[in-house]
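For chain A, the structure is supplied; the task is to place chain B on it using the hints.
Quick mapping for you: the protein sequence lines, in order, are chains A and B.
Residue numbers 1 to 158, in this note's numbering, belong to the letters of the first sequence in order.
Residue numbers 1 to 195, in this note's numbering, belong to the letters of the second sequence in order.
To be clear, the hints were calculated from the coordinates, so they are not data collected in a lab.
The beta-carbon is built from N, C-alpha and C at its ideal position, and this holds for glycine as well.
A few of these clues could be false.
Coverage of chain A stretches by chain B, computed from C-beta distances (three or more under 8 Å per stretch; other residues unrestricted) [unchecked claim]: (1) 102 to 108; (2) 116 to 123.
Here are the simulated DSS-like cross-link-like pairs (lysine-lysine), alpha carbons at most 27 Å apart as the crow flies [claimed, not checked]: (3) Lys67/B / Lys194/B; (4) Lys125/B / Lys120/A; (5) Lys29/B / Lys120/A; (6) Lys120/A / Lys58/B; (7) Lys184/B / Lys162/B; (8) Lys194/B / Lys29/B.
Here's the letter readout for the chains.
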Amino acid sequence: MKRIYFPLPVLISLPWAIWLARGLPASWQNAPFDQHSEWVFAFWLTGCFWMIWERPHFDSITWSVALAAQCLGVVGQLNILIYLGLALMLMSLTGIQIYIRVIWIGTALFWMPVIGWLFKTMGADTVVWIRFAGLLVAVFILTAWQWTQQTERTHAIS
Amino acid sequence: MRSVKKWGLWAILIIAIVISTVAPFVQVKGQIALNGELPFKAPLVVGRLIPLEPIEQKMFSGAFVEKRLYQVAGAPVVVTLATAKTNRNAIHDPLFCYRGAGWNIIQESDVSTQEGKLRIVELLKEETRTSIAYWYSNGEIQYTSPIFYWFQTFLRRLTLGKASDEPWLIFVQSVEPNSRSLVKTLNYFPDLMKL
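The following block holds chain A by itself, in its conformation from the complex (with noise of 0.2 Å):
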């Protein structure tokens, strides 16, 4: 497996991007609509660092757009813009195709408090439903793109 070592500015900018992130515990814990988020928080970061592990590589300007878009939240006290960010940031460091790094990146939404305002009129506990299908799209798209790694894999092989 290739080993990268990530520049020094990466390395201190996600605790960074996490420390400015720090006010998720609190909605997971008080906000009705955020029941169970935390769950889905801990699968979707395990999933970004096993894609890290499996292809780490480093990108610039996604790193640099993840910095910009905290920075706005940030200004602009604009909490999406901040987490959005974080997710940016941890996509940055994988070199995994583009489509399943964006698509992870929309299923960042599902740890967001932004989902339980969108669906709001369906009451706390669908929220909590809806929370968890985002995280089955996301096991569907790690265990698919496991599949192909194994299998290209397996075709280099023979």
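Same frame as chain A, now just chain B:
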């Protein structure tokens, strides 16, 4: 070339950290003083300040909030005036909060005013019925869309207050839910409707 890229990354990171560290301390101009504009006494209207509940204090942390109890033509209503100071996220979408607290919306409608519109909502939770009215206002227009509120406050902060004044959330709750229609009560209090 590699060294240039490395220094470029450092530069981007430092700029981002400086901006996001300094931004919360920057005083944005255009905070409007609304409390002077809403009298405690008017014909058929008398009001007084009431304290915030502990949960409201927590919820509105980082915002300026005033809660008043008014008797409007004999009907008691609670008026909450809230605007973001250091924390814009303290101002919520009222319907999101009510739904989160287990209230069901029976009916909602918009009422046109001279400066825009406000929303009237009837709510039910178990056996309790209540009606509320709310709108956002920056002194020029009244509106009910939280998305527009987020957009306006976002743009305002990005332009350091040049885009618009800080909007207020004006929130009215009838204390006696079935006493009379809230719209009728509000019509007795034109100063409030002008905010």
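Status of each hint after checking the structure:
1. 102 to 108: violated (count 0)
2. 116 to 123: It holds: at least three residues are needed, and the region 116 to 123 of chain A offers 5 whose Cβ sits within less than 8 Å of chain B.
3. Lys67/B / Lys194/B: At roughly 18 Å apart (the allowed maximum being 27 Å), lysine 194/B and lysine 67/B satisfy the hint.
4. Lys125/B / Lys120/A: holds (16 Å)
5. Lys29/B / Lys120/A: Not satisfied, since the Cα-Cα distance of roughly 33 Å exceeds 27 Å.
6. Lys120/A / Lys58/B: holds (22 Å)
7. Lys184/B / Lys162/B: Outside the cut-off at roughly 37 Å; violated.
8. Lys194/B / Lys29/B: holds (23 Å)
Taken one by one, the earlier hints fail for this structure at numbers 1, 5, 7, listed in ascending order.
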